[in-house]
Every structure is written in C-alpha cells, then in structure tokens.
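J.: Here's the letter readout for the chains.
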Amino acid sequence: MIEGLLIGLSAAFSIQNLLMVIAGCLIGTFIGMLPGLGPMSIIAIMIPVAITIGDPSAAIILLAGVYYGAIFGGSTSSILLNAPGVAGTVASSFDGYPMARKGQAGKALTIAAIASFAGGSIGALLLMIFAPMLSTVALLFHSAEYFALMVVGLSAIAAFAGTGNVGKAILMTLLGLVMATVGEGALFNMPRFTMGLMDLQSGFSFITLAMAMFALPEALFLVLNPKRSAQGASGKIENLRITREEGRKIAPVIGRQSIQGFFIGVLPGAGATIASFLGYAVERNIATKEEQEEFGKGSIKGLAAPETANNAACTGSFVPLLTLGIPGSGTTAILLGALIALNVTPGPRLMIDEPQIFWAVIISMYIGNLVLLILNLPLIPYIAKVLTIPRTYLIPFILFFTLMGSYIGQNNATELLILVGMGICATVLKFADYPLAPLLIGFILGGMLEDNFSRSMQLYDGIGFIVDRPMTLGLLVIAVLLVVIPSYRARRAKARQEGVAEGD
Amino acid sequence: MALDRWVSFIILCAALAYGYAAFFTMDASLPPFMQRNPIWPSTFPKVLAVLTIATSLFILLGFEKSPESDQEPDIDYRRLGDYYLGQALSLLGLMVAYALLLRPAGFLFATFAFLSCGSFTLGERKFHILLPVAAIASFVVWYLVDEVLGIFLRPWPFFF
Numbered sequence: 001m002i003e004g005l006l007i008g009l010s011a012a013f014s015i016q017n018l019l020m021v022i023a024g025c026l027i028g029t030f031i032g033m034l035p036g037l038g039p040m041s042i043i044a045i046m047i048p049v050a051i052t053i054g055d056p057s058a059a060i061i062l063l064a065g066v067y068y069g070a071i072f073g074g075s076t077s078s079i080l081l082n083a084p085g086v087a088g089t090v091a092s093s094f095d096g097y098p099m100a101r102k103g104q105a106g107k108a109l110t111i112a113a114i115a116s117f118a119g120g121s122i123g124a125l126l127l128m129i130f131a132p133m134l135s136t137v138a139l140l141f142h143s144a145e146y147f148a149l150m151v152v153g154l155s156a157i158a159a160f161a162g163t164g165n166v167g168k169a170i171l172m173t174l175l176g177l178v179m180a181t182v183g184e185g186a187l188f189n190m191p192r193f194t195m196g197l198m199d200l201q202s203g204f205s206f207i208t209l210a211m212a213m214f215a216l217p218e219a220l221f222l223v224l225n226p227k228r229s230a231q232g233a234s235g236k237i238e239n240l241r242i243t244r245e246e247g248r249k250i251a252p253v254i255g256r257q258s259i260q261g262f263f264i265g266v267l268p269g270a271g272a273t274i275a276s277f278l279g280y281a282v283e284r285n286i287a288t289k290e291e292q293e294e295f296g297k298g299s300i301k302g303l304a305a306p307e308t309a310n311n312a313a314c315t316g317s318f319v320p321l322l323t324l325g326i327p328g329s330g331t332t333a334i335l336l337g338a339l340i341a342l343n344v345t346p347g348p349r350l351m352i353d354e355p356q357i358f359w360a361v362i363i364s365m366y367i368g369n370l371v372l373l374i375l376n377l378p379l380i381p382y383i384a385k386v387l388t389i390p391r392t393y394l395i396p397f398i399l400f401f402t403l404m405g406s407y408i409g410q411n412n413a414t415e416l417l418i419l420v421g422m423g424i425c426a427t428v429l430k431f432a433d434y435p436l437a438p439l440l441i442g443f444i445l446g447g448m449l450e451d452n453f454s455r456s457m458q459l460y461d462g463i464g465f466i467v468d469r470p471m472t473l474g475l476l477v478i479a480v481l482l483v484v485i486p487s488y489r490a491r492r493a494k495a496r497q498e499g500v501a502e503g504d
Numbered sequence: 001m002a003l004d005r006w007v008s009f010i011i012l013c014a015a016l017a018y019g020y021a022a023f024f025t026m027d028a029s030l031p032p033f034m035q036r037n038p039i040w041p042s043t044f045p046k047v048l049a050v051l052t053i054a055t056s057l058f059i060l061l062g063f064e065k066s067p068e069s070d071q072e073p074d075i076d077y078r079r080l081g082d083y084y085l086g087q088a089l090s091l092l093g094l095m096v097a098y099a100l101l102l103r104p105a106g107f108l109f110a111t112f113a114f115l116s117c118g119s120f121t122l123g124e125r126k127f128h129i130l131l132p133v134a135a136i137a138s139f140v141v142w143y144l145v146d147e148v149l150g151i152f153l154r155p156w157p158f159f160f
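These protein sequences, in sequence, are chains A and B.
Last residue of the first sequence: number 504 in the working numbering, and the count goes up by one each step with no gaps.
Last residue of the second sequence: number 160 in the working numbering, and the count goes up by one each step with no gaps.
Bound-form chain A, shown alone (with noise of 0.2 Å):
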C-alpha cells in the first residue's frame, strides 16, 4: 500500500494533474451552482474534453474534481438561493437557506466547506482501507459471478433509484441494456438491431446518450418552467468565521456522517442523495430536545450533517467503480464510460496493473477537497455572481454545450439529430416520472454484461453455470430479493392500509 501511495503522490503531485484538479474544482463549482444542472449533466459535458487529453489519470482527475466542484457549488446555490442546483444537496438547503435569510451566509458557507472537506477527507480515507480490500476479493470472481455482481448491482440500483416505483425503474434499465445491444457487438462480429443504418453500426454513442438523459431535459425544463431556475440578487458575503463552542458542536457530527455517509455510498444506487437525507434525519434524532427545535431554523448541525455525508457519499461511490467496475450511480457510470473510451477497464485488475491511475485518483481526492476548501471559500463570493447571469443567455449556453459535446465526440452531424431525438423521449419519460439514471446505467453495464454472461455460457457449454457456481447462484437470489421485497413490502403496507377503518 505504502509502494501505491508513492506512485500515487508522485502521479498526482505532477503540474499537470495539480492543474486538472485545480481546473475541475473551479469549473464544477462554478457550473454546480447554476440550479438545475447537476453533476451528471456537467461531467457529461466536460467528457469530450477529458477524452482529447488523452492521459487517463489526468482526464480521471479533472471529471473528478469537477464532481466535487459541483456537488459543494451546488450547496452553494442551496445555501444562498434555496435552489439546490445538484439532488444531493436539498437536504443543505434546509437549515442552509435559513441561515442565509438571517444575514449568516457567510457562516453557512464555511460550516459548509469544512464540512464537504472532512466528509470528502475522510471518505478518501476509507476508501484507500476498503477499496483494496475489495478488489482482493474481487479478482477470485470468473465471468459468471461477474455477470450475476452486476445483475445485482443493476436491480439495486433499479431498487433504491424508483423511489416506490421499483417497476418503472427496471423498465428503464432494461431499455438501457436494449440499447446496448443495437451495433455491432465485439464477441458476434454481426451488426444487430441496426434497421441497416450505417449510423447505428457502432451503436449508440454513450456521450450523446448521457446529454440526451440528463443535460438536455433540464435544460427544457428550465426553459418550460421559469421558476425552477429562482434567481435572487446575491447579497454581500461576509463574516466567514465560525467560533470554537460552533466548531466543537459539529465535530462529532462531522466525525458521525463521514462515515455513515461513506458506507452509503459505497452501495449500488444510494448515493449522495440518500446519504445526505439520512445523515440529516439521524443527526435530527439523537440531537438534545432544544437542539431538535432549532432544526429546520438554521441548526449548524442541520447543515454540518448532509453536507458531510454527501461529500462522504461521493467518495464512497468511487469504491464498486474502481474495484469491480460497476457504478453505483450515474455521476460513477458517466465516469465509467469515459474511463473505458480512455482504453482503461476499471476492475480488480486495475490496482495490479495500472497502480498509478488508482492511487492518483484517490491521492487527488484529497487535493480536490483541498483545493475546495483553500480556493474556493474566499472565492466565493466572486463565483456567486454566476447566479446572476439570466437565463436568456444560460440556456442557449447549456444548449450549445450539450451539441457541442455530442458533436465533437462523433465529428458527424447525424449524432446531433439523435441527441435532439433522444432527448426529447428523455423528458417526455421525465414528465411520465421514469428514472433516468438506471437507463444510462443499464446502456453502459448492458455490453459487459452480455459478454460475460457469453463467456460463462461457453465455458459450461449451457445455462449450466448458474447451479454449478454457488457464489452466482447466491448473488442472483440477492438480485431478485432485492427487487421483489421492496414491492412486496409496498402491497402488504397499502393492503394493511386497506385493511383498517379510518377512525373520525
């Protein structure tokens, strides 16, 4: 580990990547901020330009960073604006926009940043104990346990993603691996599904799919509902410190939420989002009955909490990409598919063969949180002011970025018809309440999930392979529990429900 660490440091510490990191703080921060367009849209965005740079640490580094960036520029616009601009920090805005009404921006946003700074710190630490300690696990796995880890990594995620709607959210998925199989697969040598298409021969490109599912719909409804993008004159951001008593009451609950938020994120389809409302949920419940009342009304704990678990979350996310190769969420899958076109498979392999893209990850982790701490608190708020461009002028911007992107990444003006195509489905699946994520996460998982699952039906010359590995056969029983009892649970509660005459 310690042999990792310094071909890590030495790969981090390199101009080159201190400036990636540096340039995907600023770059996520400043674009997290702008309500409406998350982490997933803005890393979708920034992938043509992580892919021309060509060296895969670096281009790692910078989507990163910009992950960061965006998740605490997204508490930014909660904390000043009650506009959370990322789903991960609604729970911040909570007690974060009060305090800001009571003339205690400034304050918020320091709880804030050093909040996202332990809770990435610490999580960067976890994940060096865990992340190996997994990935050794992990490289005892052949193809067919591979193909079940992602069946189940695919009906978690379709589990936890529909929040009550478990069926809607497979739908999405499977959609997904459907449109995984359209081109021509690497194990067959046979178009498939093209309808004789010379477009389609190399299948969907997953850049334009990921515009199509999270930028471009956010950006129309931006434009349908005004509202959404709540614009309010920043007023003037002063008084930054915080006092010791203040500092010694969120230690422990910075100290709590680091690591139940990073344990959070480490499972398939929780993430940021689930972790932040629960950090706020059970720091809420075990906090002293005065201290409950002021939860709500600007409670630094209230904010302390989801702000450290989210951070705490991103990190823990990094663990199934890096040591297994499957994302647990969509930011991770965006990652995943950059990280493929850059000829780099993530897996357990990854450590032992590419020791300096992992550990320069997880070194520039603790850069990252850095530099978001020392650059961006008394940039703050100078980077602000980004809230006050109008939408006139951002939207077309954001449309143009979404083209631009797909557009780059093809060179071939067709793609740019597919990602208008596909986007407008994406909203009118979005307006039907369908999750997006699992679509994106099922299209990228969708080819090596076939083709591990072809590796094993050759190996044992049939189905065969399901009975006799036990360790496949467990997880697809998981696999299947795990979609199954949340909707059992929801019918029984709803009969139950039924079942009760409502008193007067």
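Possibly wrong hints are sitting among the right ones.
Once the Cα atoms are required to be at most 25 Å apart in a straight line, the calculated SDA-like pairs of lysine to any residue come out as [claimed, not checked]:
1) B:Lys126 to B:Phe152
2) A:Lys385 to B:Arg125
3) B:Lys46 to A:Val483
4) A:Lys430 to B:Tyr84
5) A:Lys430 to B:Leu12
6) A:Lys249 to A:Pro378
7) A:Lys102 to A:Ile114
A few chain A residues that don't get close to chain B, going by computed Cβ distances all over 12 Å [claimed, not checked]:
8) Glu3
9) Ser14
10) Ile15
11) Met198
12) Thr243
13) Pro252
14) Gly255
15) Arg256
16) Ala341
17) Leu377
18) Pro378
19) Asn411
20) Leu416
Just so you know, the hints here were simulated from the structure itself, not pulled from any lab data.
What you are looking at is a predicted structure, and each value in this text was computed from that prediction instead of being measured.
C-beta atoms are modelled at their ideal positions from N, C-alpha and C, and glycine is treated no differently.
Assemble chain B onto chain A, guided by the hints.
T.: Below, chain B alone, put in the same frame as chain A:
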C-alpha cells in the same frame, strides 16, 4: 390513461418489434459453424425482449401504483399549457436547424446564429449586448476546440 402508462405502451410496442427481430429474423443469417455455439448473437436480446415485455405489461396493466405524494410535483405534464411550451419547441427547432446547418454554414456562423436566436427566443432584446456576446463566445469556443484541443471544426461556410 396516464402518461406513464402510454409510455409503457410505446415501450411495449418497441419491445415486441425487438423481440420479433430477435426470435424470428436474426438467426436466419447465422453461419452454420456458429449455430453449434451455446450462445448466439440473439440469445441475450431474446432474454431482454421477454423481460422488457413482461415489465412494460406490468406497468401498462397498472399493477404498480405510484405512491401518492402530498407534495406539489416539481413539474407536471398536466399543466403543460401553463408552461412556456412555444419557447421550448422553438429551441428544439433551433437545435435541429443547427445540426443541419453546422456543416454547410460553418461553425462560426452557425453558432453565432444559434446563440443569438436562442437568446432572442427566450426574450432577450438588448442587441448591443447579445450580438457581441454571441460572436465572442462562438469564436472563443472555436479557438479552444480547433486550436487548443486540435479537433477540426470548419469555421467558414462551404464556399470559402
């Protein structure tokens, strides 16, 4: 019928077409030596088709009730008339026009036109700010992509 069930109906139709292709037409072109493989190019699509059809039927027939939430939904298609639908549609039209014009008109002109028309559609009328901003942005993006990143973008129209 609610929108989500219409969507599942459309997905069902697509899945039926997909399943038909996987079950009946794909295997015809399979070379004989591959037919002895335990797995065919159509195997995985067949599984997916069956699962997709089952899931979309599950939603279409209303087995899954969405949990009722008391919260006002963030954005609601039933109130589509209240929203700025015209603006959204014209922006989509602009994007299509941009896709078609990008090659023949050149990057600089197409981008300038897209940005200024987009802002205009959204109600910007201060042309003395709008036009310079669009022009500078088009040039800066072209410079970054073409010169710095090294991806070729034809700047001028085809007759230059």
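J.: All hints are to be evaluated individually against the structure, with a verdict given for each.
T.: Going through the hints against the structure:
1. B:Lys126 to B:Phe152: violated (33 Å)
2. A:Lys385 to B:Arg125: Measuring from Cα to Cα gives roughly 22 Å; hence the hint holds.
3. B:Lys46 to A:Val483: Cα-Cα ~21 Å, so holds.
4. A:Lys430 to B:Tyr84: Holds: Lys430 of chain A and Tyr84 of chain B sit about 17 Å apart, inside 25 Å.
5. A:Lys430 to B:Leu12: holds (18 Å)
6. A:Lys249 to A:Pro378: holds (23 Å)
7. A:Lys102 to A:Ile114: This hinted pair holds, its Cα atoms lying about 20 Å apart.
8. Glu3: Glu3 of chain A is indeed farther than 12 Å from all Cβ atoms of chain B, at 35 Å.
9. Ser14: Given a closest Cβ separation of 20 Å, the condition holds.
10. Ile15: holds (17 Å)
11. Met198: Given that every Cβ of chain B is farther than 12 Å from that of Met198 of chain A, nearest at about 17 Å, it holds.
12. Thr243: Thr243 of chain A clear of chain B: closest Cβ-Cβ about 36 Å, beyond 12 Å.
13. Pro252: Given that every Cβ of chain B is farther than 12 Å from that of Pro252 of chain A, nearest at about 32 Å, it holds.
14. Gly255: holds (33 Å)
15. Arg256: holds (29 Å)
16. Ala341: holds (14 Å)
17. Leu377: Answer for Leu377 of chain A: holds, closest chain B Cβ roughly 28 Å.
18. Pro378: holds (27 Å)
19. Asn411: Violated: least Cβ distance 7 Å, not greater than 12 Å.
20. Leu416: violated (3 Å)
Checked against the numbered hints listed earlier, the structure breaks hints 1, 19, 20; every other hint is satisfied.
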